[in-house]
Structures are given as C-alpha cells and as structure tokens.
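There are 4 protein chains.
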Amino acid sequence: MIRIGVIGYGYWGPNLVRNFMLAPGSAVTRVSDLREERLTPLHKQYPGLKTCTRPDELINDPEIDAVVIATPVSSHYELALAALQAGKHVLVEKPLASTSDQARRLVEEAATRKLVLLVDHTFVYTDAVRKIREMIATGQLGQIYYYDAVRVNLGLFQHDVNVIWDLAIHDLSIIDYVLPEKPIAVSATGISHVPGQPENVAYITLFFASSQIAHVHVNWLTPVKVRHTLIGGSEKMILYDDLEPSEKLKVYDKGISVAPGPEDVYRMLVSYRLGDMWAPRLDNTEALQTEALHFIDCVETGRTPETDGLAGLRMVNMIEAAEVSLRDRGRLVEIRQ
Amino acid sequence: MIRIGVIGYGYWGPNLVRNFMLAPGSAVTRVSDLREERLTPLHKQYPGLKTCTRPDELINDPEIDAVVIATPVSSHYELALAALQAGKHVLVEKPLASTSDQARRLVEEAATRKLVLLVDHTFVYTDAVRKIREMIATGQLGQIYYYDAVRVNLGLFQHDVNVIWDLAIHDLSIIDYVLPEKPIAVSATGISHVPGQPENVAYITLFFASSQIAHVHVNWLTPVKVRHTLIGGSEKMILYDDLEPSEKLKVYDKGISVAPGPEDVYRMLVSYRLGDMWAPRLDNTEALQTEALHFIDCVETGRTPETDGLAGLRMVNMIEAAEVSLRDRGRLVEIRQ
Amino acid sequence: MIRIGVIGYGYWGPNLVRNFMLAPGSAVTRVSDLREERLTPLHKQYPGLKTCTRPDELINDPEIDAVVIATPVSSHYELALAALQAGKHVLVEKPLASTSDQARRLVEEAATRKLVLLVDHTFVYTDAVRKIREMIATGQLGQIYYYDAVRVNLGLFQHDVNVIWDLAIHDLSIIDYVLPEKPIAVSATGISHVPGQPENVAYITLFFASSQIAHVHVNWLTPVKVRHTLIGGSEKMILYDDLEPSEKLKVYDKGISVAPGPEDVYRMLVSYRLGDMWAPRLDNTEALQTEALHFIDCVETGRTPETDGLAGLRMVNMIEAAEVSLRDRGRLVEIRQ
Amino acid sequence: MIRIGVIGYGYWGPNLVRNFMLAPGSAVTRVSDLREERLTPLHKQYPGLKTCTRPDELINDPEIDAVVIATPVSSHYELALAALQAGKHVLVEKPLASTSDQARRLVEEAATRKLVLLVDHTFVYTDAVRKIREMIATGQLGQIYYYDAVRVNLGLFQHDVNVIWDLAIHDLSIIDYVLPEKPIAVSATGISHVPGQPENVAYITLFFASSQIAHVHVNWLTPVKVRHTLIGGSEKMILYDDLEPSEKLKVYDKGISVAPGPEDVYRMLVSYRLGDMWAPRLDNTEALQTEALHFIDCVETGRTPETDGLAGLRMVNMIEAAEVSLRDRGRLVEIRQ
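Protein chains in written order, with the numbering used here: chain C, 1 to 337; chain V, 1 to 337; chain E, 1 to 337; chain G, 1 to 337.
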C-alpha cells in the first residue's frame, strides 16, 4: 500500500485524491493547501485524512511514500525538488516545471536517487490515445503526413501562464507519445487580447526531419468547446474527437494514391482512394485511474513511467521554443534536444 | 439583356452557365473550351448555344457583351486582358491572376476602359457572409479579437497551384470582405506530401496593426470535410459552419469581461460572461445567382463590384506574401499594399 | 433509345425529365402539364422538346414508348390506366393509386398487356437502402428485432393527401424492400392540427407474424428535418441517417446476448455486447438515375421492376389499413394481402 | 438540519446519498441495503455513517427525519408505507408504486399524517424542463400541437419492469409537468424480444380532449443513445436534446400560418413561417441537488412538492393504461383520473 500525500487542493487536486483513494494499491493519507478553507470540506468527506497548510510538513511526513503535486506551475520545481530530496516518489501535474533548466534538474535528481518521477500528461493514459499510438506503431496508418489538433473553449482564463502552457501542452504530449519521430523546430504565432495578460490564442507548427508536419491551435476565448484532432497517413487517416461520447476515434480507409502516369502524367499522378470508416470500441476507464495505477506500479517495481521526467523535459523544451517563436511572430526556432 | 460568353467548361463552368441562363437580365450565348468533348453534352442540353474551342473566337464575338473566365489559373491574366482589350466586361474565377503584377495590370486596364471587372470570390455573395459583415459593421460583435477558419477535405488535388491558391483564397476573401481592418503581415507554414507537387497543407496567420489576429487552415488530404469559422469579439462571438444545412450561423452572447479588481487584482481581472445563442434565419439563394445578378447590375449601371479587381489584387498580394513565408518556414512577411 | 413522355411538371417532374435526359438509353421527347406557364421555362432549357397541356395528347403520341406520371395522387389511376391501354410502359410517382382497388386494376392491366409498370419508390434505388437489404438478406444482422423510422420536417403541407400518403410511404416502401417478412396488421395514431385539412402527424406500428416490430413516425410540422432509422438485429444494428453527407449508414457490432444462468437466472439471462462501429463506403449515384436505368432495362428486357405494381399495391394496402386504424385511434387493423 | 436515511444503495442510491450530503440543510445519517457488501465502501468513504441491512431498522431509527427509498419498484409501496406510518417524510424513486391502488394508498397516508411525499421524477428538476414549462405557461409557444419524445439506448435491461416503467415514465412525468392539459386516453404498442422478459420496446400515444397529441418512444435495445424531444406550438417550436452538452434547448420561431384564401382556398390556406432559432442559456445545477433542496424546503415549510404523491399516482395511472393497451396491440384505453 503506497501512502500518498497530495499538495494543492484546487481544481485538479480533488480528482487526484479521489483516484488514489480508489486505486487498490494506494491511499491518500495527507493533503496540504495554503488555503485552510479549501481543506474544510475534505474533513467532512474523508474523515480520517490528515491535512496541513504548509507543504514542507507534508513532504517531511515519514508516513508518506509518494508526493503528488497539483499546485500552480511556478511552484512545481521547488516542491518536486524538495520531495525528491526527502526521498519521496513524485507525480507532478503538467508542466513539469517553468523552465527547461528546472526540468532537467528534476530529471537528474530523480535519476540519482532512483525515485519515480511521473509527469501528469493525462491524455497519454486515455484509451483513445493509446489506440492511436498502437495503430501508428504497427504501421496501420502508413507514413504519417500530418497531425492537426484544435483545443479551444471558453474556459478558465489563466493569469500566470499562457494558453500554450495551459492547453497546448496536452496536444504536445500526445504528439510526443504517439509519433515515433520528434520535432526539431517550431514556428508559433499568437496574441493576448487582455492587456497585461498572457497570450490567450496560439498557433504552433512543429517541423520534423521528414516531411511530417504537426499543428496545434489553442484558444481560451471561443464560444464553443472543440477537441478535434486529424491524423493523416499514407494508408489510413484518423479523426479523434474527444467530445464524442461513444465514437471518439474514427479510422478512415481513405487517402491518396500516387502512381506514375505515362500517358497523362499531369492528371494521373495523384488520385484519391475512398473507403470505409471504422470506429473501434474504446475502454471508458478514467485516464487518471489508469495513470494512478501506473504510478503505483512504477513505485513498486522501479519501472520507468510512460510519461517520465524526460517526457516532461521535452514538453518544456518545446514550449520554450514556441514562446520564443510566438514573440517573434512566427520565426523558426529550433527545439532544444 | 447582357449576352455572356463563358470560357472554360470544366468543374465550375457549368455552374456559371446555369446561373447566367437563369438570371433574368442575361443569357449565355457562347461557350468555349479547348476540349471539344466537353462541349458535346452542352449541345444536347442547351440546343441554341454556340460553342468553339478557341477562346479568342469567343472574345472577339461581337454579339457578346461580357466574358466569364473559368479556366486554369495560369490563363486568367492573358484571357482577361484580351477580353478587356476587346471591350468586354469580365468576370474571372478566383484568383484574379497568378501574380500581383498581372493583377494590377488587369485592374488598370479595366479602369482605363471603364469596364466591369469582377472576381468570383463566391462566398462573399452568400447570405451567411453578408450577415457576418453586417454584424461586424454595426458593432454588434464589439472589438474583433480573432478570425479562425478551417477549410479541409479529401477533395480535388490540384497540380498547378497549391492549397493556398485553391482553398485559402476563399477564407482570405471573406476576411477581406467582413473585417474593416486589412492585414499587414503574414506568417505561413505548410508542406507538400507528394514529391514534386504543390503544398497540400498550409497554416496562415495574418497580423493586423491592432491586436486582431486571423488564421486559416487549409488541407487537401483530410478524411472529413470541415468548414468551420470562429470569430471572436468583445461583445459577441460567431460560429459559422458552412456544412450545417439550416443553422450555418450561430451568434453567442458570450465573452470575457475585464474589470479592475482592487482587492484581488490577480483573480478578478478577467471573468467569463455566458449567455444565449441565436441563429438568424438565412436566405438560401445560391451565391452564384446573387453574384450573377450583381455582375449584371454593375454592367448595366457602371457600379463597382463588391469583389472588384482591387479586391482580387489584395488576395494575390496576400497569397504571394504567404507563399514566401511558407517556403521560409513561418518567417514574417509584409503584405504589399 | 426509349422515348419518354412525362406528365406533370411540378415539384418532382423536373427531376424525372433531367434524369431520363441524362440516362444513355432514353430521351424525354414530350412533357405535358395542365398549367401552360409551367412549360415555358422548359422551352428555354430543352429547345427541341415538345410540350402540351392535355395529357391524352401525350399518351396517344405514337412517338412515345413510355409514360412517366408525376401528377397529384388523385389522377394517377386514370392516367396510368390510359397510358397502359395505349400500349405504353408506365413509371408512376408514389403512391401507385388512391385506393387498393385502383392499384389492383393497374397491376392486372400491365400484366395482361405485358407492359412494364414501375412505381417510383425512390429510396429503394439508393445505395444505402440496397446495402441494408443485402446485409439483412445475408444474415449479417441476425434475427431482426425492430425497424424504427423517423421522417419529419417543416416542409410542404399537402392538401389532398395526409402525411402517411406523402411521407410514410417512403419508409413503408423501404421496409417492404429490405425485410423479408411482410407486416400483417397495423395500429396507427395521428391528428390534424389545421381544421379541415388532412392529418399532419402520424405514428404507425406494423405487426408481423414473428416478434419483429416496425414503427414509422411522420410529421409535417417539426422545426427541424430528421431522417433517422434504427434497425435492430440479434447480431448487429444499423443507424441509417439520410441527412449525413458521407456516413449515412453506421453498422454497430452491439446487441444483447441471452444466456442461461443456472446460479443466478435472474441476473445473467440478458447481457449487453459492445463492439466496433463500421460505416461502409456508399456510392453517391442519384437514386433517380439508378431508377431510370432500371426502368429502361425492364422495358428493353421485359424484366420485372424491383418496385413493380405489386409493390405499389402492397403500399396502398398498408396505408389504407393505417388510415382506418388512425381514425379509430389505434385500433388494430389487418393488412389486406 | 434534516436527518436522512437512505434505503437501497444500488445504482441510484449513491447519487441520492451524495446530494443529501452536499445539500446545506440535510445530512445522510444512515444507509441500508440488503446486500452487506454494498455497504462496505460506504464506510471507507463516509466514515461516520451508520449502516444496516434491514430497512425496518432504519425506518424506526428515531434519529431519522426523512426516508429516501431507492430500491426495486416492487418494494416501494411497502417501504414507503412503513416509513410514513413511522412518521417519516418520504422521497421515493420513480415510479411511486407498482399499482395505482398502492399509489393512492400512499397519497392518502401522507395526507392524513401531513407528511411530505415526493416522487423522484428527476427531470422535472432540470433547468431545461423548467424553462419549457415556463415558455408554455406564458403562452410563448401558442397553442400546443404535439409533444414527441424519443428515449432509447443500449442500456440496462431490467428484469422486473418493462421499458415503460423504466424509461417512458421520465417523459410522461415531463409531459405531466409542462403541459397544462392532462391526457385522457392512450394507445400503446410494443414487444419483448427476449422470451419470458418484459417488453423492451414501446410506443405510446397520449390523447387529450383538445387536438393536442403526445407520443413517447422508448427502447432498451438501440445501438445509440437518443434523448430527443420535439414540442410544436402554433407560435414557436422547441427541440430539447438532453445529450447536447451546452445547447439542450433550441427554440424555433417557425410554424404554419393558417389564413383564409378566398381566391385560391386550396393552395393558400396553410403556409409556412420560417424564422430565427434561439438557444437560451441554462443553469447546469445537477437536477438531484435542486430536488434535494426542494424536498428539504417542503419538509421544513410544509409546502407541497412539485412532484408530489398525486403526480406519482398520475404516472402509475398512465402506465397501467398504456400496459393494457400495449398487450391489446394498440387498443384505445382511457386513463383513470
């Protein structure tokens, strides 16, 4: 039984507490939050649970094996480092840290101490994303042409980070997980519509060594919610709509056929192939439950998490490059490897 | 009764013939196409109609008042110029010409000769787009924040022009028509997935002097057709989905309210406003019929078309800048004014 | 080359003319309509075509091989009978006739004279409906449980026939075509909301000798258009949505499994089976073109049409029974065989 | 603070417990379930809570003010009666009882003892349904023509009650709540596809004294979930789609205009009116929370619940009539008043 301490009981914290309570191999034993009033309902709901307002108290609690961090981004580094130094395994909400230097430092600390460091790239633990990865890995899509994601909504307007750190990181982490090839450079554009506030709309193009291309559109200010991803391959294409209740993944047997055309080269070179559509049945397990079980398994067996510190570092590298590009209105920026 | 000659009877030509036949003030009297076999069914369907394979024969036909050009892009300039020089009014399929120099030359020729030059930016003549323009012009949307358009499908793969010339021009012409402010610079990315062929996917960001931003995503290789435009303003937001049969336009009374927050500046600065949605009834008149009637009216009265040569020139200027940027992987390029 | 005369140039007539003009083996040579003004645009569009206002003139035209009837329902019988008696093959818009006695008389007349009599049950000639029939015939759906169709819209309000004759006949003819078993009795309800006018909403339940059930909901007065059919079988289920542009047919590998449960009979008897969904690619040929080609083929070869007079008679029998039931508020009425 | 005891901790019980825990004026103090193992996780989640397996122990617990019953239908009567006789206020899951005699007996018992009896017709407590009632009550829809509801899905197959008791009751209770006029007779059809099991598909037509009509289609065996209600009035029409995440209610300014037509009576009598669509913003409060607060308020103030025992009795009367009709294949059956 892994004993879990959760730091931060704001928007995401309650989901983490609930899932680690539910998971067979773990129990949440302590929760901390700077705001005392956030902890009050917890006592009503989980009477045995210990709480505290100071995170260091939780980090140094000898009865805790692993620390889950669900605080604002700016505190991730300090809290995760302290927890690792206290010998605790760590699960940290995305992004891993505010800068790539911090992220690298955390990766090293966890490696040195042989502790598990898992970054909460939640979508990687959904059945839809795992199925996409499998289809690409087994070659069913053929050569990948493009990955296009739209993630927009009239939602929470963040004050400390921009829409790339808040929303695009979901798509970047899915891209990182499902595409074997890693992006090498980025061109991003975007803007802030509220003076003095972070960018609330952004467009990110990722370039690869091959002719593959990826694009992510994120926006905090749209009247409707859209979660629409298109993945084009030479053999098959995927439409992944996360808002569809039961057919999140549609696989199309459509594409182009390129053939030499001796008589009429001009016309026959490219033709379209139309075919059936197929929607695989997906498991509805909550992603956070799969992730919790995976974290527990890594702690118990020493396995490397699928979204380990290095994956977290790659995300921060990508976002840093995207921000430089965005502020330079689309200038191509190489991604630090 | 305006007597119309149509050059080019491929994909779009039949629609132009049908609409100028239908319009009260005009009749198509001659059609030309280089491919004799394209003309055969025309004889069956419109028995009185004259046809020819050589366009100059049609251009110099003294019984023709106006020439409609629906040929491949590379021939637009030469044919339109010859028609204007022969004293004919001209309606030319988009884009006006292959280069901005050619486009400017056509604008000048039409101006000198006081002939009507209308560029077929078809969407400008839909009721949905006209309603959007009206809502923006009357201030109902407030300050415009962004314009985001997606126009993708598994459709016709062009060999002579890329996806920007083929698809993005529709959105660029709508943007030109509905937004009072004109874009000043562009950053574009994209790629070709068939060696030796034009780019089949592109992402275009338009920058304005204000904090307004516009983005267009076009792709010839997606498994599903999408025509999805989001327009965000400080007062209202619009979702324009051209594939919706009866509710193409949805107007949302949603947005953000920015207010000073003396006590808790950090949190209260930005809050969301949720409200009703409203879908105005739209007229279903075919856009091409509205356009045909407008062309006839301009010819008869000497009025300037809503999509005149200058609008056509602005499109070519934008696309030329976007192509330079695309080949430079997103580099910011100013748009020639 | 079959020479076709079309009687009635109202809503549906133009589609029939266009398709028989387009079909390789036929040409429309004459069109009649009581309203002279309906014929005027025809002269402009199809200059060689003969027209007349009196249908008997067309029926007795020796240059015509087959007569297509697209007039109000009340005239179907008289016109079709006259055409058969004049030795012409006949294609008549649905329904075949106003009463089952009339329909039977037409069937006999065609049989005696060995002439083709095809009833325009258009949907039978769509690729979607043909695919459904094939899937049922080959046992892919297993035992059929139910067929449920909704066909509603704010459309044309008919004055001479009610919504069953106008809309439900489409679904009844599809049911007749795809289900091997024929219904034996009907219970129908419905009402008229405009005093003195025919029923504008109706609900029809069809009973079969087996435990199969079918239901059709039709309504002229709904704010949205719906064309939604569910077909449930023991092995697979179908959702057929005719308004979907590209995925009209979705086949679900879902259903129930009934198994004996020795220990817990109560609970284990019925369980659900969830599975993939599959949307077969469909041919987009216009149904009326397929039907026109089929009619021409029957005329040339003497084959029996898929929607022959007997099918037309079965529809009239069903509707007569449904009307009796409707006026008796749901009373079970046997369908005449 | 109303102290609540909940009997039955199966599918719906946990939702009731959670909501009465959450509601400010109440606390769940005891839960009973015949299956001891259902109660175990409760101890983990709500440590202070008392549990028991025998319902009478809970009913006679002097520390309980009100009893909430969420057990199989067949036990509703006995448990509710015992609770009322023990002086407890009662909230009972729908349907109130298995027979109208039982339902009437419970109504009388509650009245005699001046105790609150609320039947859990959950949908009545949604913002969408309350808005519909308001629009009808204030005459915005004009004269009501029809109410058409579809509630189908591949869901839980019940063994003790048929699909009318399980699903149609939701729609019948909405109809009861939003329409001022009460139905007087019913015609129902339906069938069971699993031998020995209750009907799994049913179609119910409700007749009223006026020309208003209502229809409910319920089915346990469809491959997709549908919650689609159309309400047509002379002034406006409503589409209520409970599966829409943010636009559950669409109000259409469409309909028919009936006008006298002296010259052309036949044609001009009925014409269509097309107009805008409007989707009001809805409150997203969980229906069960609104219901819990309403129950608490009724207990505290003695107010009559909006879904009181009489409403529960009307539902049972309707369903009893529908079942008689269904087994008689659509025969018209009067509804007991």
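What the hints contain is simulated information worked out from the structure, not anything from laboratory work. Heads up, a few of these hints could be off.
Which copy is meant is left open, because identical chains are indistinguishable; a pair holds if it fits in one copy or across any two.
[Unchecked claim] Think about it this way: if two alpha-carbon atoms lie no more than 30 Å apart in a straight line, the pair counts; the simulated DSS-like pairs of lysine-lysine are: (1) K182 - K236; (2) K131 - K182; (3) K131 - K50; (4) K50 - K236; (5) K114 - K225; (6) K225 - K50; (7) K225 - K236; (8) K131 - K250; (9) K50 - K182; (10) K225 - K250; (11) K114 - K182.
Status of each hint after checking the structure:
Taking the shortest alpha-carbon separations for K182 and K236, only the intra-copy value of 21 Å comes in at or below 30 Å, while the best inter-copy value is 40 Å. Taking identical chains as interchangeable, the C-alpha atoms of K131 and K182 lie at most 30 Å apart only when both belong to the same chain, with a minimum of 19 Å there against 44 Å between chains. With identical chains, the CA atoms of K131 and K50 are never at most 30 Å apart, being 39 Å at best within one copy and 44 Å at best between copies. Neither within a single protomer nor between protomers do K50 and K236 lie at most 30 Å apart by alpha-carbon distance, with minima of 52 Å and 47 Å respectively.
Taking the shortest Cα distances, K114 and K225 never come within 30 Å of each other, neither inside one copy (41 Å) nor across copies (48 Å). Neither within a single protomer nor between protomers do K225 and K50 lie at most 30 Å apart by alpha-carbon distance, with minima of 38 Å and 43 Å respectively. Proximity of K225 to K236 under the C-alpha cut-off of 30 Å is found in both arrangements, the shortest distances being 27 Å within a copy and 16 Å between copies. When the C-alpha separation of K131 and K250 is checked against a cutoff of 30 Å, the pair qualifies both within a copy, at 11 Å, and between copies, at 21 Å.
Within a single copy, K50 and K182 get their C-alpha atoms no closer than 43 Å, and across copies no closer than 56 Å, so neither meets the 30 Å cut-off. Taking the closest pair of Cα atoms, K225 and K250 come within 30 Å of each other both inside a single copy (19 Å) and across two copies (14 Å). Taking the closest pair of Cα atoms, K114 and K182 come within 30 Å of each other only inside a single copy of the chain (26 Å); across copies the shortest separation is 57 Å, beyond that limit.
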